Amino acid sequence: MKPKRQSRLSIETPEGVVFSFELATPVSRSLAWLVDAVAISVASYILGELCLTLNLLNRDWANAVSVVLYFAISVLYGILLEWHWRGQTIGKRLLGLRVVDVHGLRLQLPQIALRNLLRLVDALPAFYLVGGLTCFFSRSAQRLGDLAANTIVAREPKTEAPDLEQIAPAKYNSLLAHPHLAARLRSLVTPEAAAIAIRAVTQRDGYDPQARVALFRDIAAHFHSLVEFPGEGLEGLTDEQYIRSVLRVIYGGPGDATGGAKDKLTV
Amino acid sequence: MIIDLPRFVAAERVYWDELQALVARLETEPEWRLSLPEIQRLHYLYERCSSDLARLDTFSTEPGLRAFLESLVARAYTEIHETRAPIKVRWKAAVLAFPRAFRRHGAAFRLSLGATLLGCAFGWFAIRMDARAKAVLMPFPHLLTSPAERVAEEEGMKTDRLRGRKASFSAELMTHNIQVTIFTMALGMTWGAGTLVMLFYNGVILGAVAADYVYAGYGTFLTGWLLPHGSIEIPAILLGGQAGFVLAGALIGWGSGAARSARLRAVAPDLFAIIAGAAGLLVWAGTVEAFISQYHQPVVPYALKIAFGVCELVALTAFLGWVGRE
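Here the protein sequences come in this chain order: A and B.
If you're matching positions, the first sequence starts at 1 in the numbering used here and goes up one per residue.
If you're matching positions, the second sequence starts at 1 in the numbering used here and goes up one per residue.
Only chain B is shown next, with the shape it has when bound in the complex (with noise of 0.2 Å):
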């Protein structure tokens, strides 16, 4: 028990002032490294003011004192025990660190992607089986007239439609693909319920629109016109999907004996490396959707549209199947 706070804390307050410092540098500079003796004297303030803590719970009266005390022995507390590198921010282990986390988690890829074919399914059939679909299934007002009519539109526009506003568009559709992606993700602490859901309906809507054209017999069209951005916009939301199921596993926890803390932790740098890279890529597909995608023959060609789409596939898969292996 302390009889005499304040000669207590004269005895103590210059310990407490050179642990407060050393904290204080350490939050400052994560880079500084501690010599041996550093480390040493650290870890020896740190006790003692820990042990300085404890004696304080005999002595009830000086709130002030314990909650100055608690406060550094927690910021101590925090340096000592902190076993994960600080983040650096190095561009070449920040790239890398995308396909590695992708490639860590391809189950939740795998279903991911079987979600969203499972409503591409859905989606064609109910188009085929019953016309009348089309009303409700369609996204967008223009998808609602005949793939004849507006591929005729489209290949005989004399000017362009998107004239002074491609960057905006551009810009648009980026932030609302990247928002789409980061809300599939979110949509994980439904138990993966809701991410599910997002992944079906989009495959839906994407089975819908290629059933309508394919079936019209204007494939080609489709395919020049969605390859070249959808080649990497879709993947991005599917990416968007995996993260959502590696956040919902974590919450689950089949088949892990961990605390579900220990499991959110354990995936959190995995998940922020995904929605970073998906949203990158996502700045890509908006660039080549304004400013590509919506140009269609005599303008480009769309053999030169499909390959490009075609190229971009490949330099994807091989980055997210094959960069950074250890």
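Same shape as in the complex, but just chain A (with noise of 0.2 Å):
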């Protein structure tokens, strides 16, 4: 039977606390292993240009050196480079993509190495085919290199908090003047829905006109079917500028109905 894929590995501390590693998808990691490929062959082409001069010195010894260089580049790129930036590569880093031990242990030099020399495997026949297929059916979207390895390629996490003051300035919020609906408010709207309107705030202007009416109408619509505010506590607010009050009580706290700036969430 197919193991059931997971989008998140999660690691239960002795504690007793929950953490959890987002598991990269064979695309981006495709994708980090396209621009690793590429980096390589151009360190390789500058160390062969400079090879070149030793040409001048002695033909025999240039072609050796450029031939061992090119094996140690390829061989030890991979090695080298997660093992300096704690499981990152060039690739991996442009696409937020870290190496990680499946334990949330730290990795260990060996471990990186058998995942970098077991890629002769999952590279066969082609196009790293073994490995992309192991990926695709392993539960935590590992190849032979990170089974063996006990690793996985988890994505970065963004720590980023939403800027307030571009998506909900600090005004008058009049739904604030009900602290008891807003503290339930906060506790009963998904991060998932809190992302969308936060989306469909910041990119309010790429939109449609109408299309924006009826995107705010819908999401506004779900935050209603939350908690209900008291009529005078809409009173006049569009559907835009009601998600916009939602989002300064989600994100800012309780505060009063005053529109005092709170503290950012800068994390």
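No wet-lab data here; the hints were simulated from the structure.
Quantities reported herein were computed from a predicted structural model and do not represent experimental measurements.
Where hints are given, some of them may not hold.
[Stated by the list, open to error] With beta-carbon atoms standing in for the labels, derived distance ranges: (1) W322/B with E15/A: 45 to 53 Å; (2) L36/B with L50/A: 46 to 54 Å; (3) A54/B with E232/A: 34 to 42 Å; (4) E49/A with A21/B: 42 to 50 Å; (5) G114/B with E15/A: 47 to 55 Å; (6) E232/A with R25/B: 47 to 55 Å; (7) R110/B with E15/A: 44 to 52 Å; (8) G96/A with V300/B: 52 to 60 Å; (9) D205/A with A258/B: 34 to 42 Å.
Built from N, CA and C at the ideal position, the CB exists for glycine as well.
Could you fit the two chains together into a complex? Lean on the hints.
So, in structure tokens, the structure goes:
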């Protein structure tokens, strides 16, 4: 039976706290590998050109150095960079990926070496077919090298908080006049719904006016269905203003209804 | 449940920042040793941030903050719960790790040797039973000629055919053989079947070449040709096979109650030591093959070449068998 694929790898600490890593998709890993392949080619080309200068001294030794350097770069590129950058290569950095231990422990050099040396089998018969298929069927999106080395490739978490002043300026907020309802709203709104609302507000100018009105109406209806504020709190508010007020409630804390700026959640 | 998120952030942030700074220093300075009060403080901060993360679960609308705390707790967890000593590049320890890893997995090496010898026997008898098999089994075109012709050609050579390309030939041999050795190890992920096939195939070629030369009466030439580099190169490939079988053993886990990930974790340092050691041996073998093995009598007497190969084999056996014994 095919194991169920997961999108996150959760680790429960002995203290009972759970943290998780978002697993990288095969597509993002392939893109990172493409970037790395280009980086290896560029580095090999540059070193090859430098070796040409050795031709002036001895052509045979220049060729030998060039062969050894190309081999060393292709084998050691992943090992040294992942060791130095704690699980990242140039491609993984650009794509926001990182190799991590499946138990959340520190990556060890033998682990990194093993996962990189096993690329020889993962790359078979061409274009990482074996590795790609293993990754596709593996529960934690691991290729053979990852399975042997007990590693996964995870997405780097983005830890920036939304800029409240951009999406919900600290103005008079009638919803904050009802702190108990505001607290209830904060506890009921899911991260996904909040993310959709943030995206709708930040990208409002990119929408067709009619589509924008319909979108804000749907999002506002969702928030209304969670907590119904008294009529006077909503009087004169458009759907968009209502959503901005909700976001201020979610991210700005209860505060008061006067619009006094609260601490921004910069974390 | 957290009612006032900004107040919660304002109150706890000082601890998060402190933990972040501590973890960042531990990450960038692995050699840094904490004093007892520092360890206690690190543990306190980790527990406090873990508790904050757990409290945040009651407040589902702050994904950014949650992601930040998850990341911080994960990094602190890595530093606190890691029990393996950080790898330190110390030459003496690195050199000793190789023979020690080799001796820890003697059965895998014997299996590797057995598969190769079985292949040798097959290649030997294939050539003896059917001379036409030579066309299929010989890996290089120059081995398809009769041994007498080749020996006459090699011994009668007036010029150095490798002149001006010895170093590049040596580099090609090194890189190719290291690649084969890594590949033999990596094939251990096929539950050892790929490693077995690879070793058997190498053995078949070796057996076929040996049978061809020995039965033509050129055993001395063959020994003088192969021994200087083969006494190191063949054991290095066998070490690749040993690593492959160790990997396969950890994957299969016969007779072990440990989880697969624990078994693989346990053998990873030994695999690394064996492959790194084998790669080092192959650098030496490549140099010897290009600069010594390809020169025959009268340029280099066979007795000298054979004695050199035997010395290498004895030195390698002594190194793997005795160096670093505790």
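Here is how each hint holds up against the structure:
no. : hint                           : verdict
1   : W322/B with E15/A: 45 to 53 Å  : 47 Å, holds
2   : L36/B with L50/A: 46 to 54 Å   : 51 Å, holds
3   : A54/B with E232/A: 34 to 42 Å  : 38 Å, holds
4   : E49/A with A21/B: 42 to 50 Å   : 43 Å, holds
5   : G114/B with E15/A: 47 to 55 Å  : 50 Å, holds
6   : E232/A with R25/B: 47 to 55 Å  : 54 Å, holds
7   : R110/B with E15/A: 44 to 52 Å  : 46 Å, holds
8   : G96/A with V300/B: 52 to 60 Å  : 58 Å, holds
9   : D205/A with A258/B: 34 to 42 Å : 58 Å, violated
Checked against the numbered hints above, the structure breaks only hint 9 and satisfies the rest.
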